[in-house]
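A.B. asks: One letter stands for each residue in the lines below.
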Amino acid sequence: MVIAIGFEGSANKLGIGIIKDGVVLSNPRHTYITPPGQGFLPKDTARHHREHALSVLQQALDEAKIKPQDIDVICYTKGPGMGAPLVSTALVARTVAQLWKKPIVAVNHCIGHIEMGRLITGSKNPTVLYVSGGNTQVIAYSERCYRIFGETIDIAVGNCLDRFARVLKLSNDPSPGYNIEQLAKQGQKYLELPYVVKGMDVSFSGLLSFIEEKAPELIEKGEYTPADMCFSLQETVFAMLIEITERAMAHCGSQEVLIVGGVGCNKRLQEMMGVMAEERGATLFATDERFCIDNGAMIAQAGWEMFRSGITTEMKDTTCTQRFRTDEVEVTWRK
Amino acid sequence: MGSTTEQSVLLEVSFPYARYAEIAANTLSVDKEPRRGGVSKIISHEGNVLKVVLQSTEARLLRVSANSFLEHLRLVTETMEKFGPPV
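Protein chains in written order, with the numbering used here: chain A, 1 to 335; chain B, 1001 to 1087.
Keep in mind that the hints were calculated from the coordinates and are not lab data.
Check the hints yourself; a few may be wrong.
Stated by the list, open to error - Below, a list of computed lysine-lysine pairs in the PhoX-like style, where the Cα atoms sit at most 20 Å apart:
#: 1; chain 1: B; residue 1: Lys1082; chain 2: A; residue 2: Lys67
#: 2; chain 1: B; residue 1: Lys1041; chain 2: B; residue 2: Lys1051
#: 3; chain 1: B; residue 1: Lys1082; chain 2: A; residue 2: Lys65
#: 4; chain 1: B; residue 1: Lys1051; chain 2: A; residue 2: Lys102
#: 5; chain 1: A; residue 1: Lys169; chain 2: A; residue 2: Lys102
Note that this is a predicted model, so its numbers are computed, not measured.
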């Protein structure tokens, strides 16, 4: 029996979760929500994490009904993500690891998403679409490595959605992407947007510039409603993602596809992926907002796998890094 | 600004136990100052006292670095108060 606690704070969510051999005992999270029209900045986000880390930690222990001495390993997000928020969260993880005399494991955030998705859905060897505010990657496992088959060459798909939500001054509560998704349901009229797929990669920055520039005047003139714009944006970017995911599945001969990351709880994306999977005779796996969106349990789960395969991190090496690619990690826990 | 003389800030923080000063030193010395940030940071501990020396040729950089250090230190001490078993 191994109990792992995970500390996640790479973006605007501060999450701490506890996992006991594949069972989520607790997974509280506190989100830094900015006013409409504003994104979250590193310094303010780090302050948010410092202010809430200890109460969220207490909540995680209380809900799991365990004591610090019951924990076997402390896991924290090393990266990728925003530097200052990562460090603030890591400081708490390092301190409790020493106070409670427990080993510590540095976890790659992307690997956390993949391992949590695999745990929750029970998928065995899926092609993974990892879509969030900071990352957009199509990943498949091979030879002890999560290989990146395709990715964004500029901004993440979630960043594209978030920034368009700012143009429309949509609320950031619970998240800008959620509010785009709700508004898009009322969209009727499709506006053609730049569709940029380059081989296995995608690009969203040109599309974003285009829609940022056009949207205010098209809405002003009454030609399109904000709902039409959200609908058009979602249909276009999701179609791009499905295209590269399908190509990766064809290449790997994969019969499973798993969607992870914050954008992964978008029902329309899941629906489109479901259609593609069905046409190929493949199975779609996805999770809900509890596990798709950044959370502590996913870091605990990846750390749990690493720890059981014999990995621990020395205290002096428990640094954080803004850039940390998914394919840099040797996946010692899979065959 | 522009001065080439080295300026420094020395911080000494007492903890209730030597072990806590050691934990704070271990936790806080992991993150290095940015390589070309113009500030050097040396962290040590002696008994129950945590010692920090920040050096730079620019007072402004020292202030930023010291501020950030104190914010981090506060989080570490609060974590100890709330989650540290009595030593």
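A.B. asks: Does the structure keep lysine 1041/B and lysine 1051/B at a Cα separation of 20 Å or less?
C.D. replies: With Cα atoms ~10 Å apart, lysine 1041/B and lysine 1051/B stay inside 20 Å; holds.
A.B. asks: Straight-line Cα separation of lysine 169/A and lysine 102/A no greater than 20 Å?
C.D. replies: 45 Å, violated
A.B. asks: Between lysine 1051/B and lysine 102/A, does the CA-CA distance stay at or below 20 Å?
C.D. replies: The hint is violated at about 25 Å.
A.B. asks: When you check the alpha-carbon spacing of lysine 1082/B and lysine 65/A, does it fall within 20 Å?
C.D. replies: 17 Å, holds
A.B. asks: Compare the distance between the alpha carbons of lysine 1082/B and lysine 67/A with 20 Å, and conclude whether the hinted pair is satisfied.
C.D. replies: 13 Å, holds
Going down the numbered hints, you'll see the structure goes against 4, 5, while the others check out.
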